[in-house]
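Novice: Here are the chains, one letter per residue:
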Amino acid sequence: MREISFSEATLEAMAEEMARDERVFVLGEDIARQGGIFGQFKGLPDKVGAERVLDTPISETAIVGAGVGAAMAGMRPVIDMHFADFIGVAMDEILNQMAKIRYMVAGQCTLPLVLRAPDGIVRSAAAQHSQSLEAFFLHIPGLKVVIPSNPADAKGLLKSAIRSDNPVLYFEHKRLFPMKGPVPDGEHFVPIGKASVVREGSDVTLVSYSLTMHRVLEAAEALAGDGISAECIDLRSISPLDKDTIFESVRKTKRLVIAHEAVRQGGVGAEIAALVAEEMLDYLDAPIRRVGAPFVPIPFSPALEKLVRVDTDAIVAAAKETCR
Amino acid sequence: MKSPVRYSAELLSDLYRKMVRIRQFETSVGELFLAGELPGFVHLYLGEEAVAVGVCASLNEDDYITSTHRGHGHCIAKGAGIKKMMAEIFGKSTGYCKGKGGSMHIADFSVGMLGANGVVGGGINLAVGAALAAKISKNGKIAVTPFGDGASNRGTVHEGMNLAAIWKLPVLFLCEFNQYASTTPAAYSVSVPSVALRAQGYGMPGASVNGNDVFEVYEAAREAIEYIRAGNGPYLLECRTYRVKGHFVGDPEMYRSKEEVRQHIENDDPIANFANTVLKNKWMTKEQMDVIDAEVRDEIAAAVHDAREDPYPAPDQLFKDYYIEEGA
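Chains B and H are the protein sequences, given in the same order.
According to the working numbering, the residues represented by the first sequence are 1 to 324, in order.
According to the working numbering, the residues represented by the second sequence are 325 to 652, in order.
Source of the hints: derived by calculation from the structure; they are not laboratory data.
Treat each hint with caution, since some may be false.
[To be verified] Covered, in the sense of this in silico footprint (three residues per stretch, anywhere, with C-beta under 8 Å from a C-beta of chain B), are these stretches of chain H:
# : stretch
1 : 345–357
2 : 475–488
3 : 525–533
4 : 581–589
[Stated by the list, open to error] One side only, chain H facing chain B, incomplete, derived with CB under 7 Å:
# : residue
5 : A457
6 : L521
7 : F572
8 : I648
9 : E650
The model shown is predicted, which means the values in this text are computed figures rather than measured ones.
Every residue, glycine too, gets a C-beta built ideally from N, C-alpha and C.
Use the sequences and the hints to build the structure in full.
Specialist: Laid out in structure tokens, this is it:
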């Protein structure tokens with residue numbers, strides 16, 4: 001299979017969906033002239049026409065609000081948030097408008113809208129440009145949240161998100177953009193709400209997503225060397241969560257570790273741990289372990305930043321604890 | 325001096341009927357709330373009727389309007405039906421939002437009414453987006469977004485006006501300057517005597533009119549809407565009015581004197597102003613207005629009667645009108 005980058009995969013998804021449906025348009029800062037600050041929109045205006053790739057002023061509130069309004073009026077906007085951290089600026093538009101309007105008006109409209117949010121730690125960008133905020137949105141009814149870890153899922157999930165009639169938050173880790181991987185030719189979809197078992201195993205279940213998924217796969221390799229067989233699940237969507245896939249795996253392995261780059265406290269791991277504790281406790285042979293960032297803003301200095309990053313060793317250690 | 329607008333009998337009767345419909349609807353809602361018949365809380369549009377009615381008279385049915393927490397007047401002026409509005413305010417399954425939205429979220433997409441909004445300033449960018457959709461799909465529609473002097477201080481307004489201006493979006497920013505943001509007087513909270521002055525800062529035209537004179541509103545709005553529809557971009561129209569009731573029904577109104585309110589009601593009531601003008605010009609008779617008053621009274625009574633009788637939503641409605649199945 002051909003290999004393309006995560007960034008190219010998202011660009012293919014955008015170009016294909018925009019060619020297919022005139023109602024799809026994209027708005028955000030630095031996307032048309034600049035091609036996106038991570039190059040993820042490069043050349044898109046040439047492919048689909050400049051009138052549907054709109055550079056905006058720095059006005060996150062208006063960008064997201066206008067996206068919601070355009071969706072209410074029948075369009076299918078894709079919004080680029082520049083950095084996931086800037087979601088805070090447009091939080092009312094996400095929390096009170098995007099997530100709620102369809103329900104509040106009893107289905108008089110749909111809100112087919114995708115909000116793309118580049119997240120995660122990269123090159124000492126410090127506390128306001130490095131966060132992983134997906135767990136906020138797990139807590140808001142009305143939204144869907146997807147978070148791919150590789151180019152194929154990036155394309156498949158973005159196409160599914162654009163075709164969805166629900167508002168979808170699409171988190172994409174900044175360090176994944178240049179990463180290459182196999183992507184099927186032509187139409188390729190990944191269903192929203194469906195996790196993927198990317199490595200089968202029998203001793204412990206490792207659940208993750210996004211960049212940390214790669215650390216988990218490295219951990220599984222290391223664990224195999226120590227005779228521990230780890231099953232690795234890539235969530236791909238965190239709202240809705242694919243409980244069935246997680247439960248099925250835990251039923252088999254009887255041990256669970258959840259790993260993510262986001263702060264451990266109140267994170268996606270906490271929700272999964274609670275679900276498993278509520279419904280699967282009898283199956284567990286060991287306490288659930290969560291691996292995530294400590295409860296502290298992300299520091300600037302590389303000497304400190306590395307202390308909040310989730311590394312392979314931490315995942316290996318957590319998995320071994322469950323197997324003692 | 326512009327040439328005087330000629331008012332057809334049909335337009336006059338429509339302007340009057342809609343203002344009276346809002347007046348009676350809101351009066352009735354206020355009484356029902358105080359009688360303990362309504363859940364939640366309600367914000368009444370009493371005293372501001374001429375603004376929504378005067379503006380909406382120049383809109384097409386498929387033009388868009390967003391709204392505020394004080395949205396009943398916008399709904400009625402844009403053509404929403406009072407039965408489904410009243411049922412919604414009662415929280416009944418027959419309401420516009422099947423009881424899921426209530427007073428602050430009434431919407432009727434079939435007449436372009438995109439919903440009242442519980443967040444002050446929340447509707448501004450929704451209208452900007454609807455206008456953007458209209459521009460991209462070249463369907464000729466425009467969007468109107470009413471907001472108060474309170475909302476005028478929100479950042480959403482700044483971002484939305486700037487965006488609409490640089491993209492020349494077909495949107496009418498309609499400031500309903502009703503003097504109070506909840507309990508805070510505009511004289512204290514707004515940096516300029518008129519919000520219309522801010523239009524210059526966005527490179528768009530701005531005008532300010534007496535919002536309690538439906539003819540002034542109608543004529544100013546018509547001009548603004550013509551400008552917008554011609555593709556010139558957004559327009560800011562301020563209508564000076566007065567919120568004669570509290571922020572919500574039950575507001576003790578410690579922040580202003582009863583005398584101040586009485587003065588406004590007695591000297592500058594939009595419906596009395598209308599009557600004075602049409603009688604003076606012999607455009608309508610007292611009898612014609614009385615007939616409309618009576619017809620509207622019957623409509624409202626029927627809406628209240630039905631809303632009382634209608635069923636509450638069944639428990640199985642809780643998860644309806646929510647997520648749409650993927651790939652459906």
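Novice: So, for every hint listed, does it hold in this structure?
Specialist: Against the structure, the hints come out as follows:
1. Against chain B, the stretch 345–357 of chain H contributes 0 residues with a C-beta closer than 8 Å to a partner C-beta. That does not satisfy the three-residue criterion, and the hint is violated.
2. Three residues within the 8 Å Cβ limit are the bar, and the stretch 475–488 of chain H against chain B gives 6, so the coverage statement holds.
3. With a cut-off of 8 Å between beta carbons, the stretch 525–533 of chain H has 0 residues touching chain B; three or more are needed, and the interface restraint is violated.
4. Only when three residues or more bring their CB closer than 8 Å to a CB of chain B does the claim for the stretch 581–589 of chain H stand; here the count is 0, and the claim is violated.
5. For A457/H, the interface hint holds, since its Cβ comes within 7 Å of a Cβ in chain B; the closest pair sits about 4 Å apart.
6. Hint status for L521/H relative to chain B: violated, with the closest Cβ pair at about 21 Å, above 7 Å.
7. Here the hint on F572/H is broken, as its CB sits about 19 Å from the closest CB of chain B, past 7 Å.
8. About 4 Å separates the beta-carbon of I648/H from the nearest beta-carbon of chain B, less than 7 Å, and the hint is met.
9. With a least beta-carbon distance of about 5 Å to chain B, the hint placing E650/H at the interface is held under the 7 Å criterion.
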